[in-house]
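Protein chains in written order, with this note's numbering: chain A, 1 to 274; chain B, 1 to 269.
To be clear, the hints were calculated from the coordinates, so they are not data collected in a lab. All figures in this text were calculated on a predicted structure; none of them were measured in a lab. Check before you lean on any hint, since a few could be wrong.
As the list claims (entries may be wrong) - Each computed SDA-like pair below joins lysine to any residue, with the alpha-carbon atoms no more than 25 Å apart:
no., chain 1, residue 1, chain 2, residue 2
1, B, 205, B, 30
2, B, 19, A, 108
3, B, 75, A, 177
4, B, 75, A, 103
5, B, 19, A, 167
6, B, 19, A, 104
7, B, 75, A, 108
8, B, 75, A, 168
What the hints assert, rightly or not - Quick look at which bits of chain B chain A covers, simulated, 3 or more residues with Cβ under 8 Å:
no., segment
9, 84-91
10, 99-109
Just so you know, even glycine gets a beta-carbon here, dropped at the ideal spot from N, CA and C.
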Amino acid sequence: MATTLTSIPQGKVAGSSWSSIRRLSQTVLPPLAFCVLLLCGWEIMARALHSPLIPRVGPIFEEVFALARTGDGWREIWITLVRIVSGLFFASAVSLLLGVLSARNRMMAAFLQPGIVLGLAIPGLVWALLCVIWFGVSWLTPVVALALGVAPALTVQVEQGIRSIDNSLVEMAEVYRVGRWARIRYLWIPATTPFLLSGVRVGFSLAWKIMVLVEIFGMSSGIGYQLNSEFSTQNVAGVLAWTILFGIVMLVIEYGILQTIEHRLTRWRRTKLA
Amino acid sequence: MSAAIEFSNISKSYATTDKRTRRTVLQDLSFSIEEGELLSIIGPSGIGKTTLLHLAVGLERPDSGSIRFGSASEKPRVGMVFQQPRLLEWLTVEENLYIATDAAGVDRSEALSALSDVHLEEYRRAYPLTLSGGQRQRVALARALAIRPNIVMLDEPFSALDELSARRMRLLLQEIWLRRRFTGMMITHNTLEAAFLSDEVLVLKGKPAQISERVRNQRPRPRAEEDASIFEMHRHLSRLITDEQTSDEAAQVLSTEDSTAALARPFGC
């Protein structure tokens, strides 16, 4: 009896540690392998071409460490991030309003349709140039350019999310006379969460591209401005270093913040009874 | 006994697909359900049974006529069990019930008591996705009971379940009715279900739908599905809805003396 009692927990512990190792190998190893392969490929190419335009991995990472050590890199990244978040906040507010209106009202959807199609087709470069001309070197330039560039894609996500809500659940809420706020909190927001999260992802990736353009053309700080400076001195390692640094920040946002939120909000999908 | 709900001269029509004309589904339908009684409505598909239920819960409005709840002074609380459970999958079982109790202004302890009635108290913190189809439908039943309803509407509540689960659910519903004596209105295609659970069965026929027959079942509860009188009523109801004949004609078709006698007197007597 005693043997059985002690052997069960041990088996469980061994099983759980094995499964966590397996999970780790499935989630962490593949992206890590991708990064290592990319660096190896780059190094091979740099050695083979032997050109100052393709620096080797070593000098690129020396630049990255230098930027990270001095603090200048983080300061510029912070400036760009604040601009991105401000623009995204503004774009999200507009998109939420337009997306809800468009999903709930057929006439409004038809009215907004050409604007959304045009908005999706116009390149971010156009908004960047126009906003620099209109607002000059001002905080409005990046925020408005980003909102104009990102809002159409976000509006589509919000609209799709709201349209995806199961009408039978809305009917159930009506029968049980669930109040407006409770419906928004317990029905509308959770049901649209996957679409909103995907919208935020799309928004972030678009925002970073538009922001760099705005900073190149019309700002005197931020990553785009720094990239332009490195470009003017033909410092390819510098351009790559800034890109890598910002890429790391975006990965931290994706894996550290967005995926954590997503994991938390959708835990009901994975829950199994013990 | 007083009427818990009263339908008076209810008519309802819908626009046809070409939108030029209107098709009348229900015309001058009147009936009532007494307090603590369970009434079933049976009839062919598309006759307007679910429309009747939607009118009762306020999802649709009648063209004419009125629906009056017995306790008209207060806002009636209506619990409903749909064909599908319609649970919010991102909320736990108890949270799904709390949404209904909070909206109805009923104490949350009622939710736990209803969960206990459907024998699911141990699953209160489980998410609906982890439950079986039958368990999910039991949660939906608990949600309907948790608001201390004036009436419970059941829209083919067991039709999406396999026969074994449906049979268990019917027995559970009877067990709960014996404990709570709630008033209920059930739409069903299953005549055995109607015969087993109901105090009265309305048979709808025709276009627009009319009440072709009212069949009372006075057999005391608890009942058993294997009971001869339940089976007899089930057969009678089956004939009524399958034959496209009036109730008088149906009575003539029933050839055995027992069946004719069964028509003449209330079932279960």
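Unsatisfied constraints (hint numbers, rising)
4, 7
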